[in-house]
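Undergrad: The chain contents come next:
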Amino acid sequence: MTVPLRVVVNGQAYERAVEPRLLLTHFLRDLVGLTGTKVGCDTSQCGACTVLVDGVAMKSCTRLAVQADGASIVTIEGLATNGKLHPVQESFWSKHGLQCGFCTPGMILASVALLRNNPKPTENDVRVGLEGNLCRCTGYQNIVKAVRDAATHEGGRA
Amino acid sequence: MSTAAVFGSGIRRREDPRLITGAATYTDDLVLPGMVQAAILRSPHAHARITRLDTSKAAKAPGVVAVYTGKDTDGVLAPVPCAWLLPNSELKVAKYPAMATDVVRYVGDAIAVVVAETRYQAQDALELIDVDYAALPAVVDPQKSAASGAPQLHPDVPGNQAFHWTVAGGDVDAAFAQAEIVVKDRIIQQRLIPTAMETRAAVAKFVPATGELTLWNTTQNPHIVRFLCSLITGVAEDRLRVVAPEVGGGFGSKIAVYPGELITIFCAMKLGRPVKWTETRRENYQATTHGRDHIQDVEMAATKDGKILGLRCTIWAGMGAYLSTAAPGIPTILHGLMLSGPYNVPAVKEDVFGMYTNTTPVDAYRGAGRPEASFMLERMLDLLSDKLKIDPAEIRMRNLLPPFADGCNVITGLTYDSGNYQASLKKALDHIDYPALRKEQTKLRAEGRYLGIGVCTYVEICGLGPSQVAGAVGFQGGLWESAIVRFHPSGKVHVFIGASPHGQGEETTFAQIVSSELGVDVNDVKVFHGDTDNTPMGWGTYGSRTTAVGGAALAVAVKKIKDKAKALAAHLIEAATEDIDYADGKFFVKGAPAKSKTIQEIALMAHVAWNMPAGMEAGLEASSFYDPPNFVYPFGAHIAVVEVDKETGAVALKRYVAVDDCGPQINPMIVEGQVHGGVVQGVGQALWEGAVYDDSGQLLTGSMLDYAIPRADLLPNIDVLNTVTRSPHHPLGVKGIGEAGTIASTATVYNAVIDALEPFAVDNLNLTMPLTPERVWRAMQK
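Top line first, the protein sequences correspond to chains A and B.
The numbering of the first sequence is the working numbering, which starts it at 1 and goes up by one.
The numbering of the second sequence is the working numbering, which starts it at 1 and goes up by one.
Hints in this document: simulated from the structure, not taken from any laboratory.
A portion of the hints provided could be inaccurate.
Unchecked claim - Rough simulated footprint, nothing fancy, chain B against chain A, three-plus residues with beta-carbon under 8 angstroms:
hint, segment
1, 5-16
2, 43-54
3, 128-142
To be verified - Computed footprint of chain A on chain B; a stretch qualifies when at least three of its residues, placed anywhere within it, have a C-beta under 8 angstroms from a C-beta of chain A:
hint, segment
4, 189-198
5, 240-251
6, 275-285
7, 499-510
8, 676-685
9, 697-711
By construction, the Cβ of each residue, glycine as well, lies at the ideal position given by its N, Cα and C atoms.
Model the full assembly from the supplied sequences, consistent with the hints where possible.
TA: Here is the structure:
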């Protein structure tokens, strides 16, 4: 059985017939072909699958695609505009906020949402705000540094 | 910036643009025409006989293309090999089949594989496979595994003993006979789950018409995978291409060759269609190798002024149900040879019993053997410090080896390359203002607050390593590295390396080496790795060896280029080669810098070859296979400050200072990032992480819900400092840095917690890692 699904992903409209059980993350990766969104844990701990659904950071591995019907989704592929990196992407690069890069798409999108809600976060705000996104490489220090750096460059902009 | 200054500069990584935009391709991102998906059925029992296995319902499920079991792979796939055949240890390598045929030996042992059109269909069909098991008794504790009457795992391994290895130096019995004090403890190095954020995956494509097999694999060492897969599958090496695309962390868990990729290859060869297999996280926790798992009985003999006389220990090392690729070398060579650490230890003796247990196989995990050795020494020194009332920093100062610049023989037979241990400890103590910190601790204790200070000095063996030594200790391969440096006519450079970085940033640091040595803009150098079809053979990225060995290979290749360029420059300028000097990309006549040729001009001439010296070949390219004359030995001193909550037992890590010495730093920003990550992984072992099996062999920490890796909100910023001591034998003087943090931080944080609990007279015997609030609270109640 399939049901129709209409979503906008990174500004482009998609209409697909999907199984009701299809996870949003697999919809994005397998049906839309946007593989920047990663699956790290299957149980909603690691946040590698974080995307923005109508501007809100959500873990797409524990969300059904059909729950996003009618929504506008931003994935890591849609964050840069006209070839110009988003300030959070810039800051992750310049502050060495990533190593293997696997947690990075989710980490960056969670950071964008964090900065939208709290444009000038303290170090502790960032640490607490990102506790739902796990990284095994960086020890988080440079991620925190990157997010606070992005805060000085309009990191919370859409 | 002059190109010479590129060495030592914290420039941004060139890896990052693809990673921060979602453009990188990891194994699971690959889609090939006609590709199907595999899912593996794994044993829910730790030890059982398979009495019935019926795949008929699964085979008829929607979308299913094929179902295979161990009966299909047995005899087609050779057993999964163990590639570290430890000599003089009565090593017994049990048969490790890709899929079990009669007996399963750990939760996660592969039994069958379903191949279907989609991931969901393959998972659905797994549930339709009927298996009947006759449960057998299981053993998960390595010491209990050695007991008489313990359940037996393998018919050809009586007593479950995989090996018994010993190391001895000096007269340890005399040391203990003379001792004025002996301290001892039983230390549990709990089992850890590496937890790379990317689970393991494989895509295999076989073209029957040509006999060519391509494997995309989440690996740290594609050339080893090709070599071993060729032996296991029978596909000749020249027809087998292994690619490590973007790899999402490894930490040792992506060194081994596993059943998963072999099963994937098997399916692709059977079906003639590309097959993808990607672990779920639960599968990753059950079937990708774990680390540590030692029971350590340790005792140290000393004088009453705190000088170490000897160290004696017995280790029960849990190896899991089978011996993984490098497993036997980890608790032995990489552990036992580091028993004396940075200290003057006149006598050592260690017995290591490697035991089969009904658990996931273990293998390298960041630090691999060395954190387990460092921890023993650091615990013993703190126990001595406590008993003798000598400050922990002072007792270390008294025992550290004096500085040496070119070789120091230690009791285990190794020759450390260079070290200046007191300097790093002094730097750490000064930075944190140690005397003031101790005063604060005393003051807070009076207020009922429990601050703890942990101090650790360490040295590690890395840059593995001289191939002759590898052979002597049973490693079934070499440990050299390779590099090809290829100039193009316009002066742009391609570098091809055999190592396979996966997050460590060598695409950047290696370009920095070429840029600084040859005067090429760093952006004009592109580094290729991870594909056996376009890179020279290399042994991979692990053991903090990529820069230490691969970087040396690159430096030697660069030197060859420079020598040829110099001779060609001399010819073009019409001067003698010995009169030519080089600086910052230009070859010029000594004393007449106007008479010069740039490296780009030389590269062009080498390619058009209109005017070459007699006998000189066209082109500007060099390769190097570098076999290091010795290991490298980075070192350092770490200090942690914790506070223990008396009411809850919760441990808060308040401060952390890391002083590390990896020689000259090519990219300090990357070095610092390696230290951050390494330290935090070690903190994870001290405070939060531990794989837990129940007595029946069920893995209770089978997902990230139950296995706690460090989170951002639980950590402070780490102060990263360094000292610089060159390696005397490395062409660039550099050592490794990937594992340093992990080797030091577990002991540092553990000792800090014990220090905090000093008013409660906590005996270490009662406090095993991870130091969860419950354990700490219970200890305080005694």
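Undergrad: Now tell me if each hint is right for this structure.
TA: Checked hints:
{"no.": "1", "hint": "5-16", "verdict": "violated (count 0)"}
{"no.": "2", "hint": "43-54", "verdict": "holds (count 4)"}
{"no.": "3", "hint": "128-142", "verdict": "holds (count 13)"}
{"no.": "4", "hint": "189-198", "verdict": "holds (count 4)"}
{"no.": "5", "hint": "240-251", "verdict": "holds (count 5)"}
{"no.": "6", "hint": "275-285", "verdict": "holds (count 3)"}
{"no.": "7", "hint": "499-510", "verdict": "holds (count 4)"}
{"no.": "8", "hint": "676-685", "verdict": "holds (count 6)"}
{"no.": "9", "hint": "697-711", "verdict": "holds (count 6)"}
Hint 1 from the earlier list is the only one contradicted by this structure; the remaining hints agree with it.
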